[in-house]
Amino acid sequence: MNTGKSETEEGKKRSGDVIVETVSRLMVPFIQLFALYVIMHGSSGPGGGFQGGVIFGASFVLLVIAFGIVNAGNRFPEAVNTALFSTGVYIYAGVGLLCIICSLGAAQYLNYGFLSLPVHFEERRALGMDFIEIGVGITVMAVIAEIFFNLAWKKEEDEKEGGKE
Amino acid sequence: MIPSIDLVLLSLVVVLAIVAITVRDLLSAIMLLSAYSFLMAMVWVEMHSVDVAFTEAAVGAGASTAFLIAALSRTVRWEKK
Numbered sequence: 021m022n023t024g025k026s027e028t029e030e031g032k033k034r035s036g037d038v039i040v041e042t043v044s045r046l047m048v049p050f051i052q053l054f055a056l057y058v059i060m061h062g063s064s065g066p067g068g069g070f071q072g073g074v075i076f077g078a079s080f081v082l083l084v085i086a087f088g089i090v091n092a093g094n095r096f097p098e099a100v101n102t103a104l105f106s107t108g109v110y111i112y113a114g115v116g117l118l119c120i121i122c123s124l125g126a127a128q129y130l131n132y133g134f135l136s137l138p139v140h141f142e143e144r145r146a147l148g149m150d151f152i153e154i155g156v157g158i159t160v161m162a163v164i165a166e167i168f169f170n171l172a173w174k175k176e177e178d179e180k181e182g183g184k185e
Numbered sequence: 005m006i007p008s009i010d011l012v013l014l015s016l017v018v019v020l021a022i023v024a025i026t027v028r029d030l031l032s033a034i035m036l037l038s039a040y041s042f043l044m045a046m047v048w049v050e051m052h053s054v055d056v057a058f059t060e061a062a063v064g065a066g067a068s069t070a071f072l073i074a075a076l077s078r079t080v081r082w083e084k085k
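Sequence order for the protein chains is C and B.
To convert a position in the first sequence, counted from 1, into this note's numbering, add 20.
To convert a position in the second sequence, counted from 1, into this note's numbering, add 4.
Keep in mind the hints are simulated off the structure, nothing from the lab.
Since the structure is predicted, the reported quantities are computational estimates derived from the model, not experimental observations.
In this text, a Cβ means the ideal position worked out from N, Cα and C, and glycines have one as well.
Among the hints, erroneous ones may be present.
As the list claims (entries may be wrong) - Far from chain C by the CB rule (all over 10 Å, computed), these chain B residues:
(1) I34
(2) S38
(3) V63
(4) R78
What the hints assert, rightly or not - Chain B side only, calculated, beta carbon under 7 Å to chain C, not exhaustive:
(5) V54
(6) D55
(7) T59
(8) A65
(9) G66
(10) A74
(11) A75
Stated by the list, open to error - Negatives, chain C to chain B, calculated, CB over 10 Å:
(12) L53
(13) V139
(14) L147
Put together the whole structure using the sequences plus the hints.
What follows is the structure, encoded as structure tokens:
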């Protein structure tokens, strides 16, 4: 693949510090686990979809800072990020529309109590809130990662063009 | 709320804000802004609003600092007089 090429060309220019790479490689799974915990406990404690999504996106920012945009950024293509943040919005709107459909014409947008799930009323509300926050978290994670990738990627392109000239 | 801790944190926030807008080095300004956000998160915790403090620490001290440094890498570091 392109890893050998990028290691030979980019590895010398951006000489990776072994301490930074090892520590970030060890930290990233725990940051992502904490982000998932924050997203799933948003309905019963501090946190929520937005904060968890920002923490999840910050783990990708840490990967890019440690390994360089060429090595790490190629694993998150822009098409995948675009699909992810559309998916989050669709999850949010889809749960809301499902509430309208399940409330049978009462037009209760995002009223989770009307969801026809085989559980108790309060548990239905908690599950609906969790679905909403999963959608918000996916969108925020993809947008934070994509903003940082675009800001960092243009610098690499300029450096490549400047190096050729 | 403990008034002495509040007083110390808020005076530090004011000092950091004034220094962040007067310093010439833009990288120092970004770092001071990050410290300002972190102190604001501590002020929110002190005011018992943990949710706002969580958002401030994640967005203000984490994500926006990385964005500002990435934006600074596209321009010059020193502000012109």
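(message) Check the structure against each numbered hint from earlier and tell me which ones fail, lowest number first.
(response) As far as the earlier hints go, 3, 4 and 8 are violated by this structure, in ascending order.
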